[in-house]
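Please work from the sequences and hints to get the whole structure.
Chains D and Y, in that order, are what the protein sequence lines are.
Convert by adding 447 to the 1-based position in the first sequence; the result is the number in my numbering.
Convert by adding 182 to the 1-based position in the second sequence; the result is the number in my numbering.
Do not take every clue at face value.
Some chain D residues close to chain Y (C-beta under 7 angstroms, calculated; not the full set) [claimed, not checked]:
#1 H484
#2 E488
#3 F491
#4 E511
#5 K514
#6 S516
None of these hints come from the bench; they were simulated from the model.
For clarity, every value in this text was computed on a predicted model and none was experimentally measured.
Glycine is no exception: its CB is placed at the ideal position from the N, C-alpha and C atoms.
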Amino acid sequence: MTEGTNVIEGLYYSKEHEWARVEGDVVVVGITDFAQHSLHEITFVEISEAGTVLNAGDECGLVESMKASSELYVPISGEIVEVNAALEDAPEIVNESPYEKGWMMKVKPSNLDEELKNLMDSKGYSDFIAAL
Amino acid sequence: MSDTLKRTQLYDWHVAHGDVVPFAGWEMPVRYTDIRQEHMAVRDAVGIFDTSHMSRFWIRGPQAQEFLQTLTSNNVSKIGVYGGQYTTCLNEQGGILDDLTLYRVSEEEYIWITNAVNGPKIKKHLLKNAEKFEVSIEDRSSEVSMVAIQGPSALHLLSKAAGKDLTDLARFSINPVTLSGFECYLCRTGYTGESGGEVLVLNTPIDSDGKQRAIAFWEGMLELGEEYNAKPCGLGARDSLRLEAGLVLYGNELDESTSPIEARIPYAVKFKVDPHYLGYDVVRRHKKEGGIRKTRIGVEMIDRGIPRPQYDVSFKGSKIGKITSGVMSPMLSKGIGLAYVKPKTVEVDDVVEIDIKGRTRRARVTTWPFFDPERYGEHRTL
Numbered sequence: 448m449t450e451g452t453n454v455i456e457g458l459y460y461s462k463e464h465e466w467a468r469v470e471g472d473v474v475v476v477g478i479t480d481f482a483q484h485s486l487h488e489i490t491f492v493e494i495s496e497a498g499t500v501l502n503a504g505d506e507c508g509l510v511e512s513m514k515a516s517s518e519l520y521v522p523i524s525g526e527i528v529e530v531n532a533a534l535e536d537a538p539e540i541v542n543e544s545p546y547e548k549g550w551m552m553k554v555k556p557s558n559l560d561e562e563l564k565n566l567m568d569s570k571g572y573s574d575f576i577a578a579l
Numbered sequence: 183m184s185d186t187l188k189r190t191q192l193y194d195w196h197v198a199h200g201d202v203v204p205f206a207g208w209e210m211p212v213r214y215t216d217i218r219q220e221h222m223a224v225r226d227a228v229g230i231f232d233t234s235h236m237s238r239f240w241i242r243g244p245q246a247q248e249f250l251q252t253l254t255s256n257n258v259s260k261i262g263v264y265g266g267q268y269t270t271c272l273n274e275q276g277g278i279l280d281d282l283t284l285y286r287v288s289e290e291e292y293i294w295i296t297n298a299v300n301g302p303k304i305k306k307h308l309l310k311n312a313e314k315f316e317v318s319i320e321d322r323s324s325e326v327s328m329v330a331i332q333g334p335s336a337l338h339l340l341s342k343a344a345g346k347d348l349t350d351l352a353r354f355s356i357n358p359v360t361l362s363g364f365e366c367y368l369c370r371t372g373y374t375g376e377s378g379g380e381v382l383v384l385n386t387p388i389d390s391d392g393k394q395r396a397i398a399f400w401e402g403m404l405e406l407g408e409e410y411n412a413k414p415c416g417l418g419a420r421d422s423l424r425l426e427a428g429l430v431l432y433g434n435e436l437d438e439s440t441s442p443i444e445a446r447i448p449y450a451v452k453f454k455v456d457p458h459y460l461g462y463d464v465v466r467r468h469k470k471e472g473g474i475r476k477t478r479i480g481v482e483m484i485d486r487g488i489p490r491p492q493y494d495v496s497f498k499g500s501k502i503g504k505i506t507s508g509v510m511s512p513m514l515s516k517g518i519g520l521a522y523v524k525p526k527t528v529e530v531d532d533v534v535e536i537d538i539k540g541r542t543r544r545a546r547v548t549t550w551p552f553f554d555p556e557r558y559g560e561h562r563t564l
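The following block contains the structure:
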């Protein structure tokens, strides 16, 4: 496997390279291995506060690397119930563990079933990044 | 003009060892491993950079000095043989066409080293203005590679390669020297805030022999540098290092509508010069009488965040300017940046607000370098 192409089965993916994992009644959101690898050396992560209500596709934070600044978009509608506080002091966790320790926020979804249909599965996302 | 990206003599090595990206019309390494590690190698030890994408013009002739004085803002008559100076090349309105280093290698022979992005523009400018003078302009950029060796151990490494002590070379001097068997000019300069040199490796044209020689020189320096923990460094570290040192970059802080006084690089500008250079009157007025439209400041984030180019800077609720460069400082672990603001709006230690994509974040106005100059940089004492 080449670097930056790890895709996990069972997650949902956006074209903006966010992933979403359904865990009971919340959805955990982060950025993909492809995204962290493209950004390289993440130096700063800022995510909208818990309590913020967002629509799918809304901007909800910033991910900064040594070379660039990128917006983070929420892939599904709902209310942010928790953000990953560990990233404030150690944003490099996103490079090291994009799908596990480097999660960014937990969202209480408002229209989950409908919106999951708009996201890609692991196969779809693998094809999507292979074509980039 | 061709859209094809240009490659330096060291391109094959960069592709094999680093991440190569487009930069100013060139395919250049942004990093080999990690920008922060490469950055810290230069602050703590020594880093080696390919700077062959910059343009190198040889200017020769009985009127070379006079010709250069008409086109550059520092005092050319102060450059002795084997001396050099940082200077700017201006347009009639005093705007900066380029910032450059000018060296003198014999009575009637100078070397003009200029930014990659401005190479073609400056070449035209030199050729056009040379018509009235007894001078010749030769572009030797593709015959001579250029490698910067920077950091507190850089001069020790260069001494080892030369087999003689080079640690006392004068700042801005240019020295013919043989390094590991390669005939070179060693310039006692750099753009990282640290001590060190920039090496012109002669007889390294862009053909297979020249490339092999350039790569042999580069690998030789890395090997000799092992005992000093030398690292190859890409353009990412070059940018964060110059920014931490408060050094201006063409395209960010400098352009054709900015004067050297506005950019706060007064050391590049002299007025007791003969003849007067293009742009003299405007720059003299900016310096002596005022009339500047903007002034450069440094900012260090108080709140979380990184200032980036084009972000608005405000003071007490009023917009006063824009960020031109910004980065997470590896030394301070804080966002730092340079900005242009309206003159006389803020002073050092004032707190300004930066609009980071709709979020208002506080930053302190600072001077540069951003690091502690007693502990780091060329003038460290501890």
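To see whether the hints hold, each was checked on the structure:
no. : hint : in the structure
1   : H484 : violated (11 angstroms)
2   : E488 : holds (6 angstroms)
3   : F491 : holds (6 angstroms)
4   : E511 : holds (5 angstroms)
5   : K514 : holds (6 angstroms)
6   : S516 : holds (5 angstroms)
This entry does not satisfy hint 1, going by the numbered hints stated previously; all others are met.
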